[in-house]
Amino acid sequence: DVKVTQSSRYLVKRTGEKVFLECVQDMDHENMFWYRQDPGLGLRLIYFSYDVKMKEKGDIPEGYSVSREKKERFSLILESASTNQTSMYLCASRLGKSYGYTFGSGTRLTVV
Amino acid sequence: GENVEQHPSTLSVQEGDSAVIKCTYSDSASNYFPWYKQELGKRPQLIIDIRSNVGEKKDQRIAVTLNKTAKHFSLHITETQPEDSAVYFCAASPANTGNQFYFGTGTSLTVIP
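As they're listed, the protein sequences go chains L and S. In terms of our numbering, the first sequence is residues 1 to 112. In terms of our numbering, the second sequence is residues 1 to 113.
These aren't lab readings, by the way, just hints derived from the structure by calculation. Mixed in with the good hints there might be a few duds.
[To be verified] Partner residues are not named here, just some residues of chain S that face chain L (Cβ under 10 Å, in silico):
(1) Tyr-32
(2) Arg-61
(3) Ala-63
(4) Ser-85
(5) Phe-89
(6) Thr-110
Even glycine gets a Cβ: it sits at the ideal position worked out from N, Cα and C.
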């Protein structure tokens, strides 16, 4: 089974802090994704990457950036955290177009 | 881009009854449609998927149907059990863009014992 591991289950950060969310997958998947999940809004795509050092904006990239220096690791960065970034963040990876996502367990981020 | 709409947002059924969740999509190029189940506090898990060259797929009590002409697909759960209670998400994946999914907003299913 593919494992997608998110480094933190819960995080509490202060407004203005720089926040790093880490995601690691162990099955050599090329495609990795960051979503945020909010009640009533479903899962919204922030950024994705289809190869090392490659990144593409999703539907809501404002206030976020990403880094993919190694194939197995995809990091989400909140440059200056704000309270409206309080959310559940889900990382996912995918082998290719004919396959589903495998999700990580999620990081519940609270910005105070 | 693709737009996926999902209905209903909440659904309550008696144990043993059937549950149906419907999704519509806008991009005719979408060719892969997975369904995810998310139990409270857990990660979404793929439960069934269907590709555009297939009209129906079954896996025990779960089935998915796809109508490409009408651009809608549905999840059917028969003989529901309390452990089916969860949030269900549909998604669509266009063939001609990146490898991302576009998700519906989710259906919270409650099975009443």
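Tell me, in ascending order, the numbers of any earlier hints that this structure violates.
2, 3, 4 and 6
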